[in-house]
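> Residue-level listing of the chains:
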Amino acid sequence: MSSKRTGRSSFVERTLVDINATLEQSLFAEQTARLPGLLQELDPRLKILSALLVLLAVGVSRNLLVILVLYFLVLALALFSRVPLAFFVKRVWLFIPFFTGVVALPALFITPGPVLVHLPLGLIITKTGLTTALFLLLRVGTSVSVAVLLILTTPWNSVLKSMGVLRLPPVIILILGMTYRYIHLLLHLTNDMFLSRKSRLLRRMRGPEERRLIAATSGTLLNKSLQVSSEVHLAMQSRGFRNYPRTMDTFKMRTIDWLSGAVVIITVATAIWLGK
Amino acid sequence: MSQIKSALNSLTRGTPRSLMLYYGIFAIWLLTSAMHIPDGYLSPVTSIIMFIIVLPFWVMGVRKLREKMTAKNVPLIALIAAFSFVIMMFNVPIPGGTTAHAVGGALAAIIMGPEIATMAVLIALVIQAFFFGDGGILALGANCFNMAVVLPYVSYAIYQAISKNQPLISKRRIFGAALGGWIGLTVAAFFAGFEFGIQPMLFHTANGTPLYAPYPLSVSIPAMVFAHALVASPIEALITALVVAYLQRTNQSALEFVKKPEISPELSGFVRWRALWIGLAVLIVLVPIGLLAPGTAWGEWGTEQLSSRGLAFIPQGMAKLSGLWSAPLSGYDLPALRNSNLGYILSGIVGTIVIGIVAWLFTMLVTIRKSETKET
Chain D
929 MSSKRTGRSS
939 FVERTLVDIN
949 ATLEQSLFAE
959 QTARLPGLLQ
969 ELDPRLKILS
979 ALLVLLAVGV
989 SRNLLVILVL
999 YFLVLALALF
1009 SRVPLAFFVK
1019 RVWLFIPFFT
1029 GVVALPALFI
1039 TPGPVLVHLP
1049 LGLIITKTGL
1059 TTALFLLLRV
1069 GTSVSVAVLL
1079 ILTTPWNSVL
1089 KSMGVLRLPP
1099 VIILILGMTY
1109 RYIHLLLHLT
1119 NDMFLSRKSR
1129 LLRRMRGPEE
1139 RRLIAATSGT
1149 LLNKSLQVSS
1159 EVHLAMQSRG
1169 FRNYPRTMDT
1179 FKMRTIDWLS
1189 GAVVIITVAT
1199 AIWLGK
Chain W
967 MSQIKSALNS
977 LTRGTPRSLM
987 LYYGIFAIWL
997 LTSAMHIPDG
1007 YLSPVTSIIM
1017 FIIVLPFWVM
1027 GVRKLREKMT
1037 AKNVPLIALI
1047 AAFSFVIMMF
1057 NVPIPGGTTA
1067 HAVGGALAAI
1077 IMGPEIATMA
1087 VLIALVIQAF
1097 FFGDGGILAL
1107 GANCFNMAVV
1117 LPYVSYAIYQ
1127 AISKNQPLIS
1137 KRRIFGAALG
1147 GWIGLTVAAF
1157 FAGFEFGIQP
1167 MLFHTANGTP
1177 LYAPYPLSVS
1187 IPAMVFAHAL
1197 VASPIEALIT
1207 ALVVAYLQRT
1217 NQSALEFVKK
1227 PEISPELSGF
1237 VRWRALWIGL
1247 AVLIVLVPIG
1257 LLAPGTAWGE
1267 WGTEQLSSRG
1277 LAFIPQGMAK
1287 LSGLWSAPLS
1297 GYDLPALRNS
1307 NLGYILSGIV
1317 GTIVIGIVAW
1327 LFTMLVTIRK
1337 SETKET
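Chains as they are written, first to last, in our numbering: chain D, 929 to 1204; chain W, 967 to 1342.
Derived by calculation from the structure, the hints in this document are not laboratory data.
Under the rule of at most 25 Å between Cα atoms (straight-line distance), these lysine-lysine pairs were calculated in the DSS-like manner:
id : chain 1 : residue 1 : chain 2 : residue 2
1  : D       : Lys1152   : D       : Lys1126
2  : D       : Lys1180   : D       : Lys1089
3  : D       : Lys1055   : D       : Lys1204
4  : W       : Lys1038   : D       : Lys1089
5  : W       : Lys1038   : D       : Lys1152
Computed far set for chain W versus chain D, every beta-carbon distance over 10 Å:
id : residue
6  : Ile1018
7  : Ile1019
8  : Ala1123
9  : Ala1127
10 : Ile1128
11 : Ile1135
12 : Val1153
13 : Phe1160
14 : Met1167
15 : Phe1192
16 : Val1197
All residues carry an ideal CB built from backbone N, CA and C; glycine is no exception.
The task is simple: from the sequences and hints, build the whole structure.
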């Protein structure tokens, strides 16, 4: 999202681009989550717990190779789940440089240790620096891949419902679901507000004008949120909401789920043991 | 002049060039990330500890939700969380032509109170972590602590300290919102820097290679704090203040929002308690009358006078401004009495009033303290 910082486009355009990218992303995720693939077939509760276990294995590993192998396993899973591989790799690694590459890069030079390479400008890459930077990059890359793969193969509603296995209070899960739904509404509203403003613009706005616009948009959005919330409340009441959410639990663990769970546990245990 | 120059030179020579490069790049990175720590920066042990630290705040938030769990709060929190999420996507134009993102935690706290703001920002963070890969899943505890606990509580305390009891259209509210947003996010950045900084100390391989975030406290804290204090926090301050100013013009009731659900039970308690005191005051007035009745003063004292005086001043005096009321009255009335019995009773009344005031002040202090500890 930060790559749009270049160029002289106004903040209205940049925000519009970001909003549309977000909407597009969630649409795309819902789409791939409905494809017939390996992970899409599995129980969402199993997938959430497995994702957490894999994240833990990636987190505790003190061996770069183990993390690398785990990353390739995730890639293989993505492949079998019909997630477009180029898209998957790009989505993870295009956005990591901004968040982590920049942080990992200086570590190459300033971590004390045996010298690996001399560079011009008196910079030195140390061996420890290289290792630590690789640790950071691989760990972050693999973790983000796990999270992205989970959401690309599981509809958001199923993720929410199965969050009950993490012992989240049902109220929170209910609110999470509503939030997700209203994020889309508010994004559309914001999109409309900015678009209508942009269509009336003849020149670049000045700084103070831009700030006034952003304040007015945020404030209107807040007012709208409060208004919609009372409307939703009335709607809930009229449909008989009685202060406690109820969900239908339709998930069933099948043989293939138990089998996959066993595979995940063995893999994670091996990874943790090898990465010690 | 040359001395200054040489001093400056020695200062810059002291710091490795790579370190200066690092600060520069780190500052740019912070602009783009709005402080969402990804998985991999913190060791799992740290992540678990952070979960344990934020757990009480979640319990508090959920309890607060249940406490006022009218069905109304469910969509309200959902909408505020959605709002917080969308606000995080706004590219806020800052002087100099660049843009950056705000968190929105300060604004949520000002409007809904810190406990519920914690839940709203937490929900936005969960959706970002799970759905958009923005911020880690294991790091959720740490991210929640920085952005959903430290930021709302600190900024709410500052906003309240500056704007408490101010009219809704007061300029101090805008100032309080801005200062709260600025300090809140800067303090949150300090904690994030601390979480980064302890990693290389605690988690490294045998030969000293850091396993997670590689920079020590001496680098990570100044980098996080300065970069945020100069760029990200002013944006949080700007958006919080701008929206508060906008609400002052268009929807003032939103600014009282936190008052309605939060202070009203306290207020109703106060009203009940005040009624009790008025009843007590009436009793106190009646008791001396009863003592007086078999005593002497019937001929000198008209009952109308007494009752009118008792009813006129004591209940109201107990209710409010009793200090101001009782002092001149006791000074005025006592010499005129010429009756030791009456004087004694009256001084008893005055004593009761004084004790009442002390008790009232004490209770006020305790309730203020209580609500303050809730806030901070």
